[in-house]
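Given only the sequences and the hints, what does the whole structure look like? Please build it.
Take 2 as the starting number for the sequence shown in the numbering used here and just add one per residue.
Treat the hints as calculated values from the structure; they're not laboratory data. Beta carbons: idealized from backbone N, C-alpha and C, even for Gly. Among these hints, one or two may not hold up.
Said to hold, decoys possible - With beta-carbon atoms standing in for the labels, derived distance ranges:
1. K24 / I65: 30 to 36 Å
2. S23 / K160: 43 to 49 Å
3. K129 / T4: 21 to 27 Å
4. E102 / D53: 18 to 24 Å
5. N35 / I162: 30 to 36 Å
6. K61 / R126: 26 to 32 Å
7. P7 / K61: 34 to 40 Å
8. D53 / K129: 29 to 35 Å
9. Q60 / L22: 22 to 28 Å
10. Q122 / S27: 24 to 30 Å
11. H10 / Q71: 46 to 52 Å
12. Q71 / E21: 37 to 43 Å
13. H10 / K160: 38 to 44 Å
14. N55 / E20: 31 to 37 Å
Said to hold, decoys possible - The calculated lysine to aspartate or glutamate pairs, modelled on DMTMM-like cross-linking and capped at a C-alpha distance of 20 Å, are:
15. K172 / D73
16. K168 / E137
17. K3 / E102
18. K129 / E102
19. K42 / E21
20. K101 / E130
21. K61 / D82
22. K160 / E130
23. K101 / E46
24. K101 / E161
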Amino acid sequence: MKTPKPVTHSVRLDRKVYEELSKEASRKSASFNNLVNQILKKHVEFDQFIPDLNFVLIQKGTIIGTMAGQNDDLVLSRAEDAGGAFARDTILTMGLHLNKESLIYFVDPVVCRYMNFADCQRYKRDGKEVFYLRHELGARWSLFLKGYVSGAFRNVLNKEIEVDETKDGIKFTV
2 MKTPKPVTHS
12 VRLDRKVYEE
22 LSKEASRKSA
32 SFNNLVNQIL
42 KKHVEFDQFI
52 PDLNFVLIQK
62 GTIIGTMAGQ
72 NDDLVLSRAE
82 DAGGAFARDT
92 ILTMGLHLNK
102 ESLIYFVDPV
112 VCRYMNFADC
122 QRYKRDGKEV
132 FYLRHELGAR
142 WSLFLKGYVS
152 GAFRNVLNKE
162 IEVDETKDGI
172 KFTV
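Rendered as structure tokens:
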């Protein structure tokens with residue numbers, strides 16, 4: 002697949018914005034241009050839809066603490082409901098078709114990079130795509146992720162997927 006040809010465009014930035022972006026680029030050992038492209042790409046791919054998706058920013062520890070008092074069946078059930086409803090709503094809000102490609106896009110980058118639920122590792126095996134969603138939040142979070150992803154596949158594609166879980170992540174194949 003060819004990389005699209007870049008476009009050059011000059012913009013004026015507030016000095017404070019420029020200075021903060023320059024510091025951030027330096028911290029990440031990235032060029033200023035690369036950092037700005039990452040920020041703008043994230044906006045185009047997801048952030049512009051946030052007001053329509055009813056997001057609330059919550060620290061992960063709060064969610065884990067809330068789940069601690071719930072039994073596994075309740076965590077799984079609520080995660081399946083949330084993942085199924087949110088996947089469908091997000092895909093439709095973004096103007097995408099309800100298909101395998103848009104659901105894969107929902108998992109990575111939306112769930113993993115933009116919602117920051119896990120780090121996503123993807124690879125091909127036997128003609129299928131394998132996903133490993135890795136995190137450091139324990140077995141309860143893996144159970145939640147399992148339900149969230151399963152609910153998304155069930156609600157968007159009417160498909161059951163097999164999810165392997167450990168305390169450090171989940172793995173599934175599509």
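Item to check | Restraint check for K101 with E130, where alpha carbons must lie at most 20 Å apart | outcome: Roughly 11 Å separates the two Cα atoms, so the pair holds.
Next on the checklist: With the threshold set at 20 Å, check whether the alpha-carbon distance from K101 to E46 stays at or below it.
Outcome noted: The hint holds at about 17 Å.
Checklist entry - Taking only the CA atoms, is the gap from K101 to E161 under or equal to 20 Å? => result holds (13 Å)
Next on the checklist: Please verify whether K168 and E137 have alpha carbons no more than 20 Å apart.
Outcome noted: holds (8 Å)
Item to check | Verdict for K24, I65 (Cβ pair) under range 30 to 36 Å | outcome: holds (32 Å)
Checklist entry - Does 34 to 40 Å hold as the CB distance between P7 and K61, or does it fail? => result Hint holds: Cβ distance 35 Å, inside 34 to 40 Å.
Checklist entry - Is the straight-line distance between the alpha-carbon of K42 and that of E21 20 Å or less? => result holds (18 Å)
Item to check | Distance restraint evaluation - Q71, E21, Cβ atoms, bounds 37 to 43 Å | outcome: holds (40 Å)
Next on the checklist: Tell me if the beta carbons of K129 and T4 are separated by a distance inside 21 to 27 Å.
Outcome noted: holds (26 Å)
Checklist entry - Does the hinted range 18 to 24 Å hold for E102 and D53 at CB? => result Once the Cβ atoms are compared, 21 Å apart, the range 18 to 24 Å for D53 and E102 holds.
Checklist entry - H10 and K160, beta-carbon distance inside 38 to 44 Å? => result About 42 Å separates the Cβ atoms of H10 and K160, which means 38 to 44 Å holds.
Checklist entry - Is it true that the C-beta distance of D53 to K129 lies inside 29 to 35 Å, as the hint says? => result With a Cβ separation near 33 Å, D53 and K129 satisfy 29 to 35 Å, so the hint holds.
The structure is consistent with each of the numbered hints, conforming to all of them.
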